[in-house]
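Residue numbers (our numbering), protein chains in the order written: chain A, 108 to 305; chain B, 108 to 305.
Calculated directly from the structure, the hints in this document are not laboratory data.
Where hints are given, some of them may not hold.
No copy labels: a pair is met if it fits in one copy or bridges any two.
With a straight-line cut-off of 27 Å between C-alpha atoms, the simulated DSSO-like cross-links for lysine-lysine are [stated by the list, open to error]:
(1) K174 / K235
(2) K234 / K174
(3) K295 / K235
(4) K142 / K246
(5) K258 / K295
Computed from a prediction, not measured in an experiment: that's the story for all the values here.
Number of protein chains: 2
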Amino acid sequence: MECETFQSYIMNRGGVTQSQFNELTPFLRSEAFSKGEVLLQQGETCKASMFVEKGLLRAYTLDESGKEHIVQFAPENWFIGDRGSIYFNDLSYFIIDSIEDAEVVFITDEFIEKASELSTSFRKFNKKLLHNHIQHLQKRIDLLLGASAEKRYLNFIELYPDLLLRVPQWMIASYLGITPESLSRVRKSLADKNFKPY
Amino acid sequence: MECETFQSYIMNRGGVTQSQFNELTPFLRSEAFSKGEVLLQQGETCKASMFVEKGLLRAYTLDESGKEHIVQFAPENWFIGDRGSIYFNDLSYFIIDSIEDAEVVFITDEFIEKASELSTSFRKFNKKLLHNHIQHLQKRIDLLLGASAEKRYLNFIELYPDLLLRVPQWMIASYLGITPESLSRVRKSLADKNFKPY
DNA sequence: CGTCGAATTGATGTCATTCAACTACAGTGG
DNA sequence: CCACTGTAGTTGAATGACATCAATTCGACG
Numbered sequence: 108m109e110c111e112t113f114q115s116y117i118m119n120r121g122g123v124t125q126s127q128f129n130e131l132t133p134f135l136r137s138e139a140f141s142k143g144e145v146l147l148q149q150g151e152t153c154k155a156s157m158f159v160e161k162g163l164l165r166a167y168t169l170d171e172s173g174k175e176h177i178v179q180f181a182p183e184n185w186f187i188g189d190r191g192s193i194y195f196n197d198l199s200y201f202i203i204d205s206i207e208d209a210e211v212v213f214i215t216d217e218f219i220e221k222a223s224e225l226s227t228s229f230r231k232f233n234k235k236l237l238h239n240h241i242q243h244l245q246k247r248i249d250l251l252l253g254a255s256a257e258k259r260y261l262n263f264i265e266l267y268p269d270l271l272l273r274v275p276q277w278m279i280a281s282y283l284g285i286t287p288e289s290l291s292r293v294r295k296s297l298a299d300k301n302f303k304p305y
Numbered sequence: 108m109e110c111e112t113f114q115s116y117i118m119n120r121g122g123v124t125q126s127q128f129n130e131l132t133p134f135l136r137s138e139a140f141s142k143g144e145v146l147l148q149q150g151e152t153c154k155a156s157m158f159v160e161k162g163l164l165r166a167y168t169l170d171e172s173g174k175e176h177i178v179q180f181a182p183e184n185w186f187i188g189d190r191g192s193i194y195f196n197d198l199s200y201f202i203i204d205s206i207e208d209a210e211v212v213f214i215t216d217e218f219i220e221k222a223s224e225l226s227t228s229f230r231k232f233n234k235k236l237l238h239n240h241i242q243h244l245q246k247r248i249d250l251l252l253g254a255s256a257e258k259r260y261l262n263f264i265e266l267y268p269d270l271l272l273r274v275p276q277w278m279i280a281s282y283l284g285i286t287p288e289s290l291s292r293v294r295k296s297l298a299d300k301n302f303k304p305y
């Protein structure tokens with residue numbers, strides 16, 4: 108069982124005590140995936156959220172023409188999953204796979220319920236997480252509603268400076284909703300204006 | 108106190124009993140707004156989510172050039188609010204105003220907490236609402252990542268057939284992330300292919 | 001009836017896409 | 001160790017989708 112990162116995450120940030128955590132371990136399961144492996148296929152059902160201990164995952168869809176649309180990246184300490192599938196038993200809308208070798212902890216609804224029962228501060232923390240997630244998604248929508256390719260890219264750099272170095276450019280393009288060629292041109296134009304991300 | 112719609116909403120769908128509801132009424136406040144009135148200004152703090160009893164609200168932002176980006180519509184039985192502002196005390200990112208004369212019930216976090224305490228089924232219901240909201244936002248992002256103006260419009264019609272008749276076209280355009288002129292042309296082209304929404 | 005905003009239409013512009021060619025580099029097998 | 005192959009990234013030219021600007025029509029409302 109490899110959940111140290113998750114353990115310290117919910118202990119430090121979620122206010123869960125050691126003894127509470129011990130009670131919760133039976134509900135946890137972790138698994139390692141290698142780069143490129145698919146954790147959730149479109150059309151399967153997703154049984155749990157996934158917490159990334161190590162590595163980097165992504166959630167994306169495929170359109171009719173086979174193009175990928177990356178909806179979310181999940182590096183260390185992030186959650187990822189298909190909530191429609193988890194909570195409404197829909198078939199998964201997203202594909203989730205790993206961009207780097209990864210360690211993942213599966214967080215079932217059962218775990219969340221149990222933890223919420225044991226710890227008020229976890230309950231509050233979880234609530235904040237959800238609201239934070241919603242807020243984040245809304246801001247992303249706002250950005251997609253009319254910001255230029257350049258603005259989206261600058262925003263991405265600001266939000267995920269660490270991912271810049273870990274994610275191939277064509278995936279960033281897909282996350283931004285533009286083509287790799289366009290992103291390349293945006294970067295060039297920024298370089299010409301001698302903009303330096305790092 | 109005008110909360111009949113909300114009352115039947117959380118009794119029928121949230122499984123709250125009459126006596127539980129009675130205990131909760133002290134936490135509720137409702138208010139009427141007329142068309143065009145602003146309920147939340149950008150930069151204010153938002154103290155509560157709002158449940159729409161009657162009428163139609165919208166949440167939007169203004170960009171540097173003064174253009175509106177509509178992030179959400181909220182007709183009867185929908186919630187709207189700025190979660191960043193409610194839960195993290197940020198200044199509101201959105202402006203919320205009313206498109207039609209409206210009756211609104213203010214749902215404070217206190218109310219949610221109290222109701223969750225009183226009723227397990229409300230707690231579950233609320234959880235589902237949140238996850239449903241997240242799923243919905245993710246699908247919207249997926250759509251904005253690369254779907255054509257026409258596809259977005261068709262998707263809008265499918266999701267909100269009722270809103271088609273109530274929301275002026277330029278607001279729909281703003282929700283879709285295109286200009287009113289473009290939407291007009293999309294509609295024309297659909298009409299030429301003799302597409303009929305109703 | 002006149003006014004004002006919404007919607008349509010046309011002419012033109014701009015930004016991003018598409019398609020194709022080319023470079024760079026990493027991984028594979030001889 | 002080097003050729004072969006495949007993928008990422010860049011660049012160019014042509015196209016296309018949507019935006020912009022301007023003019024006109026339509027319709028609601030005073």
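Hint check results:
Neither within a single protomer nor between protomers do K174 and K235 lie at most 27 Å apart by alpha-carbon distance, with minima of 34 Å and 31 Å respectively. In this homomeric assembly, K234 and K174 never come within 27 Å of each other (Cα to Cα): the closest approach is 34 Å inside a single copy and 33 Å across copies. For the homomeric pair K295 and K235, neither the shortest alpha-carbon distance inside one copy (39 Å) nor that between copies (45 Å) is at most 27 Å. With identical chains, the CA atoms of K142 and K246 are at most 27 Å apart between copies only, with a shortest distance of 26 Å across copies and 30 Å within one.
In this homomeric assembly, K258 and K295 come within 27 Å of each other (Cα to Cα) only inside a single copy, at 14 Å, whereas the closest approach across copies is 31 Å.
The structure is inconsistent with the numbered hints 1, 2, 3, although it conforms to all the rest.
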